[in-house]
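Chemist: Take a look at the letters that make up each chain.
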Amino acid sequence: MVDDDKGKIEDATVESGQTPLNDEARRHFLQGGIAVAAGLVLLSIGALDKVFRFFFGPRLTEQEETTILRAHVKYSEQTLSLEKLELEREHNNYIFVAALADLDQTTGKYFIDYDMGPALAFLGSDGLPDLLSAKCTHLGCTVGNQTNDKGQVLCPCHVSYFDIKTGAPTPDSPAKTPLPHLGWVLMDKQKKVLASRSAAGEISGDIGHAKQQGADVYIQKTAGAV
Amino acid sequence: MKMLTTAVDFLAQRFPVEKMNFQSMVQKKTVPVHRMSWAYYLGGLTFLFLVIQVITGLLLLFYYEPTVSDANLSVEYIMNHVSAGALIRNMHAWSSSCMIFFAAIHLITAFAMKAFTKPREVTWIAGVLLLVITMVLGFTGYLLPWNQIAVNATKVGLQSVDAVGQYLPGALSQLPHIVRETFQGGPMVGQATLTRFFALHVVLLPLALAGLLGLHLLMVQLHGMSQGVDKVATKTESFFPIFFFKDLSLWAGIFLVVFVVALCLPFDSFLPFPLLEPYNPLGATPPSIKPEWYFYFIYYPLELLPFWVILLATMLGSAVLILTPWIFKDTSRRTLRYIAMVASVYLFTATVFGQRIYELIKK
Amino acid sequence: MKAPPRVRQSLFSLSLASSACVGIVLSLVIAPPAAHSYPAFQAFSEKHSGRTVNCSLCHINDNGPVGNEIGQIGSLTKDELARLNLARAAMAPGVNVDSPILNEFGNHIIKTVGRAKFLQMMADPAQLAPALGDKSDLDGDGIPDSREYLDGTDPLNKFHGDPWLLFVNNLSRNWPHVILAVIAVCLINYGLAHVIQGSSLLVKLRSGK
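Protein chains in written order, with the numbering used here: chain V, 1 to 226; chain W, 1001 to 1363; chain P, 2001 to 2209.
It should be emphasised that the hints constitute simulated quantities derived from the structure, not laboratory data.
Beta carbons are placed, not taken as given, at the ideal position from N, Cα and C, and that holds for glycine.
Hints are not guaranteed to be accurate.
[Unchecked claim] Computed cross-link-like contacts, BS3-like style, restricted to lysine-lysine with a CA-CA straight-line distance of at most 30 Å:
id, chain 1, residue 1, chain 2, residue 2
1, W, Lys-1118, V, Lys-84
2, V, Lys-74, P, Lys-2111
3, P, Lys-2047, W, Lys-1362
4, P, Lys-2047, W, Lys-1155
5, P, Lys-2204, V, Lys-74
6, W, Lys-1231, P, Lys-2111
7, V, Lys-221, V, Lys-192
8, W, Lys-1363, W, Lys-1155
9, V, Lys-176, W, Lys-1363
10, V, Lys-221, W, Lys-1029
11, W, Lys-1118, W, Lys-1029
[What the hints assert, rightly or not] Covered stretches of chain W (in silico footprint by chain P; criterion: 3 or more residues with CB under 8 Å from a CB of chain P, positions within the stretch not fixed):
id, stretch
12, 1241 to 1253
13, 1267 to 1281
14, 1285 to 1293
[Said to hold, decoys possible] Example chain V residues on the side facing chain P (calculated, C-beta under 8 Å, incomplete):
id, residue
15, Leu-43
16, Asn-92
17, Tyr-114
18, Asp-115
19, Met-116
20, Gly-117
Start from the sequences and build out the full structure, keeping to the hints where you can.
Modeler: Below is the structure:
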């Protein structure tokens, strides 16, 4: 009986020793739980309004809608015109540049070459077209189309001057490589090839005849072009 | 027959399915307490940033449009008009950098702690693949805003694939070009590229990541935390709940930092503004086109050294990374720590000072 | 009845002169004027800030005013050319300028300083910043446009600016959210610390048993 009581008393002592620890642990969990819940509630309050409005979607003013739509139309038109240009270059072996009679020695005409890059068409001193890339060899800006009194075009981005006859940049230009020349083809109104000049400068066909005929200037698709 | 037995033994040791129970994986799991114990939190932090990426990415999906005419506009719409759009986008941008940073640190510390030895080889290999997928996620995500830096940096990155062709014989030299065009969806970076990068970024890579992460975490739970240091730790703490709640506590603090930074510091402010213009294929290519910072360790050496040197180093490095559990299995932790330090110094120098070193050498 | 020869000659000369005048006037109005760029300001901004700056600092087109694309001279309609010529004539400050090749910042510069002074400042582009003053902030990011010009950042993008200045400005604007977030996280961490302590006690208890 006494031993049983002793065992029970021992058990009770062990239990009572553990009870404070249990209580302390419970207190910690309670405090911790309340603090974590309070923190999460605070975070939710901050987020709730924004989350609702996020899913509800922005309600724009008329002016904002107009601005966005205008920008959307502008980029859609840009993409469309690019795709039209690409389609033209995909399916045609020749792209029209200008009528030979419309070219000028000092004011170049902009066009897009087969690599979808900007290019310029001038009239050379020999009465033949002079086509060169208008993509500055420094950092790719489009060069200007007006020549100065030295027969040079300017890239306004970092002030490089390029001689239109040779394509070479001036020594003090940031650009170090010349603007490449492009080949051209002269055709009559019936699209018959009259004469041509390759990018390397080799001429074929009857140049004199072509000049007389009032020919049109085209660029020809080369192997490897888009 | 002997090979089959060896293979079965190998798999049995790497996949101890008898430990796949609540008691082993959670109740009885302990974490050693020693001077490198801080490194045990790095994997969890990487996971935290992954969770942030998934949540913010899902939110961005509501408004982002993956077309060349609308991608940039939709990002501007999110930034300027959507409630908390700027915060969500900035969190996504900052978190991606943080995730890659912590994944790299996690790999380096796991290497230094020799956490790749038997039976943790599968864990290690899964981890290396996870890091690679994370970086590819960064590369594919970078294209999506469709601005100057996005498209031109992608072009530059993909062009380096082409350059491998010159070192391959005969018809094989065309293979890198074919691979590049497959990634691009055509001869140029365009709509096809944007569509497939979007698919990769939003679906395919996250699925692959989830699968590998599942395997990685399962392995960690089955094998437990690695010893980490040479002297077996005398003190341990229970994984659940002590380490788990400490981890959560750290996550809360780190989340606060990322939240404040994303709220107050736009990620784009570190880039020159010409690079943030919408991409114009007929316009000038702005200068300062560079990949994201986590590619600098390979980008600047590419600018300074011959391509074949970088190619060789990359191939060797990748092989060493994958075969680390076998190459370094008998290496001391001291030596591994030394190697990890050298690698860290190189990565830090290339990332932070790469531009200055490049300018000095070019001058 | 035919006019006398002298009268006919005078009429012919008069009509020639009138045609010439009309032609000159028409060419001024219709024909695209020569393109001008002022890279001195861009070069200064780049050098001063160490950041890359391009034509879109002031121009609509980041490729500059030359060419046939949107915001470039070659693509302007008759109305737009008229606006361009009006902007070019705004020599004095205070004129509301709406040049079709300039963005809001570019037009703001011409309105604030006038084209005459702007052209004078090409010799010393640093003078543009004090001339613009500190009051104007077109993108509302808290950084004055003059400061953004010196820093080489985008004065029309509220998410672009000197990172430190942006951080400080945004922090001061969003301080309620930041304070709430800090309090929330502190509460969570306080709570977790107690949960950890409670868990440690439980673990001790169990191991004690």
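Chemist: Hint by hint, say whether it matches the structure.
Modeler: Status of each hint after checking the structure:
no., hint, verdict
1, Lys-1118(W) - Lys-84(V), "61 Å, violated"
2, Lys-74(V) - Lys-2111(P), "27 Å, holds"
3, Lys-2047(P) - Lys-1362(W), "19 Å, holds"
4, Lys-2047(P) - Lys-1155(W), "28 Å, holds"
5, Lys-2204(P) - Lys-74(V), "70 Å, violated"
6, Lys-1231(W) - Lys-2111(P), "74 Å, violated"
7, Lys-221(V) - Lys-192(V), "16 Å, holds"
8, Lys-1363(W) - Lys-1155(W), "26 Å, holds"
9, Lys-176(V) - Lys-1363(W), "17 Å, holds"
10, Lys-221(V) - Lys-1029(W), "70 Å, violated"
11, Lys-1118(W) - Lys-1029(W), "19 Å, holds"
12, 1241 to 1253, "holds (count 8)"
13, 1267 to 1281, "holds (count 10)"
14, 1285 to 1293, "holds (count 3)"
15, Leu-43, "5 Å, holds"
16, Asn-92, "20 Å, violated"
17, Tyr-114, "18 Å, violated"
18, Asp-115, "17 Å, violated"
19, Met-116, "13 Å, violated"
20, Gly-117, "12 Å, violated"
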